[in-house]
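Read top to bottom, the protein sequences are chains A and B.
Taking the numbering used here, the leading residue of the first sequence gets 1, the next gets one more, and so forth.
Taking the numbering used here, the leading residue of the second sequence gets 1, the next gets one more, and so forth.
No lab work stands behind these hints: they were computed from the structure.
Every residue gets a Cβ at the ideal spot worked out from N, C-alpha and C, and that includes glycine.
Heads up, some of the hints might be wrong.
Said to hold, decoys possible - Only pairs whose alpha carbons sit at most 25 Å apart, straight line, appear in this in silico BS3-like list of lysine-lysine:
{"id": "1", "chain 1": "B", "residue 1": "Lys77", "chain 2": "A", "residue 2": "Lys82"}
{"id": "2", "chain 1": "B", "residue 1": "Lys228", "chain 2": "B", "residue 2": "Lys187"}
{"id": "3", "chain 1": "B", "residue 1": "Lys77", "chain 2": "A", "residue 2": "Lys100"}
{"id": "4", "chain 1": "A", "residue 1": "Lys77", "chain 2": "B", "residue 2": "Lys139"}
{"id": "5", "chain 1": "A", "residue 1": "Lys82", "chain 2": "A", "residue 2": "Lys166"}
{"id": "6", "chain 1": "B", "residue 1": "Lys335", "chain 2": "B", "residue 2": "Lys386"}
{"id": "7", "chain 1": "B", "residue 1": "Lys24", "chain 2": "A", "residue 2": "Lys100"}
{"id": "8", "chain 1": "A", "residue 1": "Lys131", "chain 2": "B", "residue 2": "Lys2"}
{"id": "9", "chain 1": "B", "residue 1": "Lys127", "chain 2": "A", "residue 2": "Lys337"}
{"id": "10", "chain 1": "A", "residue 1": "Lys9", "chain 2": "A", "residue 2": "Lys412"}
{"id": "11", "chain 1": "B", "residue 1": "Lys335", "chain 2": "A", "residue 2": "Lys127"}
{"id": "12", "chain 1": "A", "residue 1": "Lys412", "chain 2": "A", "residue 2": "Lys396"}
{"id": "13", "chain 1": "B", "residue 1": "Lys396", "chain 2": "B", "residue 2": "Lys194"}
{"id": "14", "chain 1": "B", "residue 1": "Lys131", "chain 2": "A", "residue 2": "Lys2"}
{"id": "15", "chain 1": "B", "residue 1": "Lys396", "chain 2": "A", "residue 2": "Lys127"}
{"id": "16", "chain 1": "B", "residue 1": "Lys2", "chain 2": "B", "residue 2": "Lys284"}
Unchecked claim - Using C-beta positions, here's what the derived DEER-type ranges look like:
{"id": "17", "chain 1": "B", "residue 1": "Pro173", "chain 2": "A", "residue 2": "Gly275", "range": "40 to 48 Å"}
{"id": "18", "chain 1": "B", "residue 1": "Arg11", "chain 2": "A", "residue 2": "Gly248", "range": "30 to 38 Å"}
{"id": "19", "chain 1": "B", "residue 1": "Lys2", "chain 2": "A", "residue 2": "Asn249", "range": "17 to 25 Å"}
In case you want the letters, here they are:
2 protein chains.
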Amino acid sequence: MKQSFLFTKTRRDAPKDEVSQNAKLLIRAGFIHKEMAGVYSYLPLGFRVLNKIIGIIREEINAIGGQELFLSALQDKAVWEKTGRWDERAVDSWFKTELKGGAETGLAFTHEEPLTALMRDHISSYKDLPKYPYQFQVKFRNELRARSGIIRGREFLMKDLYSFSKNEAEHMPFYEQVKKAYHAIFKRIGIGEKTVLTFASGGSFSKYSHEFQTICAAGEDAIHLCEKCRIAVNDEIITEQTACPQCGNAQFAREKAVEVGNIFTLGTRFSDALGLQYRDETGKEMSVFMGSYGIGPGRTMGVAVELFSDEKGIVWPESIAPFSVHLVSLAGAGKSKAGKDADALYEKLQKAGIETLYDDRDARAGEKFADADLIGIPFRAVISEKTPAGKVEIKKRTSDTVRIVSVNEFLKTFHLP
Amino acid sequence: MKQSFLFTKTRRDAPKDEVSQNAKLLIRAGFIHKEMAGVYSYLPLGFRVLNKIIGIIREEINAIGGQELFLSALQDKAVWEKTGRWDERAVDSWFKTELKGGAETGLAFTHEEPLTALMRDHISSYKDLPKYPYQFQVKFRNELRARSGIIRGREFLMKDLYSFSKNEAEHMPFYEQVKKAYHAIFKRIGIGEKTVLTFASGGSFSKYSHEFQTICAAGEDAIHLCEKCRIAVNDEIITEQTACPQCGNAQFAREKAVEVGNIFTLGTRFSDALGLQYRDETGKEMSVFMGSYGIGPGRTMGVAVELFSDEKGIVWPESIAPFSVHLVSLAGAGKSKAGKDADALYEKLQKAGIETLYDDRDARAGEKFADADLIGIPFRAVISEKTPAGKVEIKKRTSDTVRIVSVNEFLKTFHLP
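If we strip away everything but chain A, and leave its shape as in the complex, we get (with noise of 0.2 Å):
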């Protein structure tokens, strides 16, 4: 993409109001936009950053056997006053509102009631299970305070999987699967390092829930590493859970970290509730065994940012990054040498499928690279007027070493011939 074509601008300052650092960052560069207090707006580039992930997320679950979904936001109250949480006693971050003619309907902070309503339809025997149903779908939460940027949103995009299973001796396996799945898709994204397994209270068919707690001086959370084998546990049963669960060792290392994704046993709480039963093999009605599994890719787009930046902007891991080159043109207008030069290594890449964000805009040397710092892409190559014929000047975000490579060097790098 052209920078001249790109809508959005850097600006060198973030509204008075924005206290977390990575919503700074990301307004600053363009990424997204404030609209209230946890409510913001993807631009181009963010929603490129989004996307990225989503993807990552997307292939990794259905990999398992997740089946993609979109359920709607707007709820029926008879649906979650069958569980107890229509309540606000029992949730309480509840937005609700009216329908024409009255009835009161909210917004899903979650999906398990709908969701489990709606199976209803669809399974009625032990040959219907195990089934994997997942979306990518907003959710929206009336929380009190909103200050941790695009990490903890009144409105924000959420992945939730949901396992419908014949009992706890079929789910357990698949629960092990998510796991695993979630600590992948957390190495792809770039902040597996930092990101730990985590001991969480359970519910009444299981001892612990887990959480994907990502090591983050932002982080609101406080969890309590166990730094012989890596797994840690959570703020809340850190008082009775004298030993790690995993090795027994009774050494913790209290960290702030955030939540970038949980896994949790439902057991039949909500099909009980909501009627989902089948048929077992014998012919008896039995409860549906349900688990639920989320990831916020905001919140893990929010955190990747609070990792990778230094005092010059932003620092994409490769796999997320919203383009993979920067490619800088300092030849200025018109139609010089080193513009034809420009122009020519933008269209190799774009014929190579190399996904590159072209600076073309008429604009000062040092503007374009305090910009291209900002904005966080892995690899700049810029083309000036001392650059030699069919050279390149590349640097890598990380470093701070301009190597001057030919263009054939470079496009190796993408392991193009």
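Following the hints, complete the assembly by docking chain B onto the known chain A.
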């Protein structure tokens, strides 16, 4: 996808309170689920169709210079007060709700206001124009009645494109380009022949706006078709429009229709109210000249079902069908010769990238054929114990003729060697 994997099942009857033909068929075939009147969830088959439509729209809008973003649903009251559209006397379809702390917020029924406001951060000079941001985002409209299935929902997906231009002279050619793109979109979706450009009332900045109306018995709109030049005039302006605005013909035929798209010259209404200005070549501050352009992908899907169905079920146009081939194995359970042949053909189709729903279920032939007709995939391919080796029994959904052809000949249908 194997049908045994797909979690949805077909059903004989639609919900009793469902009156629209599109929702009845889509629910019975397992494409959508009714949450409440005017609120539908998209199940895996329906989500596939929706994404096909989105893909076509995205390609055509990108081709005319659109750049995709994703705005928030929750809206800042202050922004809407500036245009007078927060007031429910001006807009009676708001869903409003409250933030913790008491501030009012609403759910976007469109996005002119927030987008105009955010563009102030990115447009300051004539050099920044024109720009064409767009999105696919859920809109919320508190309709009093919602009886048209996914054709008119209280919550629905919309593709909304906005143009920001220097002036009317720059705006008009783009407006004409969108017209062409819309014709191309509806043609590719398969509803082009029934979709006519319809003159509608304009605003302060143009005599007309334009709707794209699909002639369809289920339509809630009335249009007046000039059969000479295949354009129409909508019901609002027909009394003042005695002759066809395009060819002068005074003969109109009244038709029921569904508005699947619209294009509108907004002029400076929103930029004036919200202070979106640019400096022109002489340094003078000017208001940005705007347009807005909508298409409802879900509505378009509903219209396609209304147009293309018969007593047996849906008859999807090839471009938006959830799958290209419905491969039906009549081999029964176990590893019969026919079962192995069907498995092998499925593998071949998968490898070739032909999207195939493979009915591998242990069910009666009659049930499988009825499901195939209801779901409406363009090609049905059957392999039974009676099918000669290396052959397959194919039938188009639009025809009653079954042909026995070699597998290789069948693959040629999809331009495969």
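Each hint tested on the structure:
Taking the CA atoms of B/Lys77 and A/Lys82, the gap is near 34 Å; set against the 25 Å cutoff, the hint is violated. In summary, the hint linking B/Lys228 to B/Lys187 is supported, as the alpha carbons are separated by about 20 Å, within the 25 Å threshold. Distance restraint check for B/Lys77 and A/Lys100: the Cα-Cα separation of roughly 20 Å lies within the 25 Å cut-off, and the hinted pair is therefore satisfied. With a CA separation close to 20 Å, the supplied pair A/Lys77 and B/Lys139 stays within the 25 Å bound.
The hinted pair formed by A/Lys82 and A/Lys166 meets the criterion: a straight-line CA distance of about 22 Å does not exceed 25 Å. For the hint linking B/Lys335 to B/Lys386, the alpha-carbon distance of about 15 Å falls within 25 Å, and the restraint holds. At roughly 24 Å between alpha-carbon atoms, B/Lys24 and A/Lys100 fall within 25 Å of each other, so this suggested pair holds. Among the hinted pairs, A/Lys131 with B/Lys2 is consistent with the structure: their alpha-carbon atoms are about 13 Å apart, no more than 25 Å.
Only pairs whose Cα atoms come within 25 Å are accepted, and B/Lys127 paired with A/Lys337 is accepted, the gap being roughly 24 Å. At most 25 Å may separate the alpha-carbon atoms for a hinted pair to count; A/Lys9 and A/Lys412 exceed this at roughly 31 Å. For the hint pairing B/Lys335 with A/Lys127, the CA-to-CA distance comes to about 18 Å; that is within 25 Å, so the pair holds. For the suggested pair A/Lys412 and A/Lys396, the alpha carbons sit about 15 Å apart, so the restraint of at most 25 Å is met.
Our distance criterion of 25 Å between C-alpha atoms is met by B/Lys396 and B/Lys194, whose separation comes to about 22 Å. Proposed proximity of B/Lys131 and A/Lys2 is supported: the alpha carbons are some 13 Å apart, at most 25 Å. As the CA atoms of B/Lys396 and A/Lys127 are separated by approximately 30 Å, the hinted pair breaks the 25 Å bound. For the hint pairing B/Lys2 with B/Lys284, the CA-to-CA distance comes to about 63 Å; that exceeds 25 Å, so the pair is violated.
In this structure the supplied range 40 to 48 Å is violated for B/Pro173 paired with A/Gly275, their Cβ-Cβ distance being about 59 Å. In this structure, B/Arg11 and A/Gly248 break the distance hint of 30 to 38 Å, their C-beta atoms being roughly 53 Å apart. Between B/Lys2 and A/Asn249 the C-beta distance comes to about 45 Å, which lies outside the given range of 17 to 25 Å.
Of the numbered hints given earlier, the model fails hints 1, 10, 15, 16, 17, 18 and 19; all others are met.
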